[in-house]
Amino acid sequence: MTALTFTLVVWAMSTIAGFLGALTGLGGGVVVVPVLALALGVDIKYAIGASLVSVIATSSGAAAAYVKEGFSNIRIGMLLEIATTIGAVIGAYVAAYTSTHAIAIIFGLVLVQSAYQSLMGGNAEGEAIVKSDALATRLRLGSDYPLDGKRQDYGVVNVPTGFGLMFGAGALSGLLGIGSGAVKVIAMDRAMRIPFKVSTTTSNFMIGVTAAASAGVYLSRGYIEPRVTMPVMLGVLGGAFLGTKVLMRARVRTLRIVFGTVILLLAVEMILNGVMGRV
Amino acid sequence: MDDRHLENILGNLLRAGVLLAAAIVFAGGVLYLVQHSSDAVAYRTFAAGGPDVRTLSGIVRSAAHLNSEGLIQLGLLLLIATPVARVVMAVAGFYLERDHLYVVVSLIVLAVLTFSLMHAT
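In order, the protein sequences belong to chains A and B.
Residue numbers for the first sequence follow our numbering, beginning at 1 and rising by one.
Residue numbers for the second sequence follow our numbering, beginning at 1 and rising by one.
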């Protein structure tokens, strides 16, 4: 394969990755790693490095537009980021002493269940606005977001459960080396009852911060290969920008179906990796 | 200063940083393809590369010589810096709002982020 062909193929795939990543709050890694490592035979270390950059590109590219539109909630993002980062540090430490195959398979099965709920569950729009409970009120987590041309107020509940799940999300990413966007979105959407668009966009905010924390290690180890990562970064940014535009106008039901489909693919990827002992 | 105003500043900062990063990576990419478009590539085996692509000083030096890989890495470094900048801006924003709880929350996030970035090098 020539450098030109490689660049164009990776760029095109990365555009799709960024589009889906921005739309779902999951980052682009779900698509980038299998495309580079399995389809193009790129060494897994380069694929992981490019995937990390793709997560930051999705996050920063999409969040710029989201934040302006007032979808993402910086207070929720910051508060939960503490749980995620602590979880990630502990997960990475524990990973050295435990078998990750079983964890990957269990996590995959949990994702299958979540995918099922996203695809089948909920009424037409699936959005029930709640009032903040006492703790969420004290933490001033409630806010408002654009809905049908107006600003809709929303509340937040079950902060301790959400915090605990975020800790778990971080631990999983530390253990398995995967993006924890799926658990983040599920925790905010299901446990904390935050509107779906706020959940995915706030997840987008958070995954960039989490990924930046490990970028230094990846760079100094040489995982970030410029010629591989260049088309990934440019493609993902463009795709994320496009995804953002679509998200703002998309129906929540449609977004849930896209989300459910992507985490189902992620689940299959996790289970296969676990069974074949690749994690 | 209210939340919406703060969010707009954050959004604009982020957008400028991301666009600049993309422009630098694009320039490096064009330069690379002009010089090497018909080279055969595979990336099947991992080789960690020299300091020109792995260290801050090496990348800056290489980019200053308009080396294509150096330029790409410089743009990627700028992209990696954007989430850090967002957290710093949030600390400042919450401070201006006199929201002390979230100043502390954002500072904890910033501390963990700085620690893991420093730990790497």
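Hints were generated in silico from the structure; no laboratory data involved.
There may be inaccurate statements among the hints.
Derived, one-sided and incomplete: chain A residues facing chain B with beta-carbon distance under 10 Å [as the list claims (entries may be wrong)]:
1) Leu52
2) Ile74
3) Leu79
4) Thr98
5) Ala102
6) Gly208
7) Thr254
The C-beta atom is built at its ideal place from N, Cα and C for all residues, glycine as well.
Can you list which hints this structure breaks, lowest number first? The structure conflicts with hints 4, 5 and 7, although it agrees with all the remaining ones.
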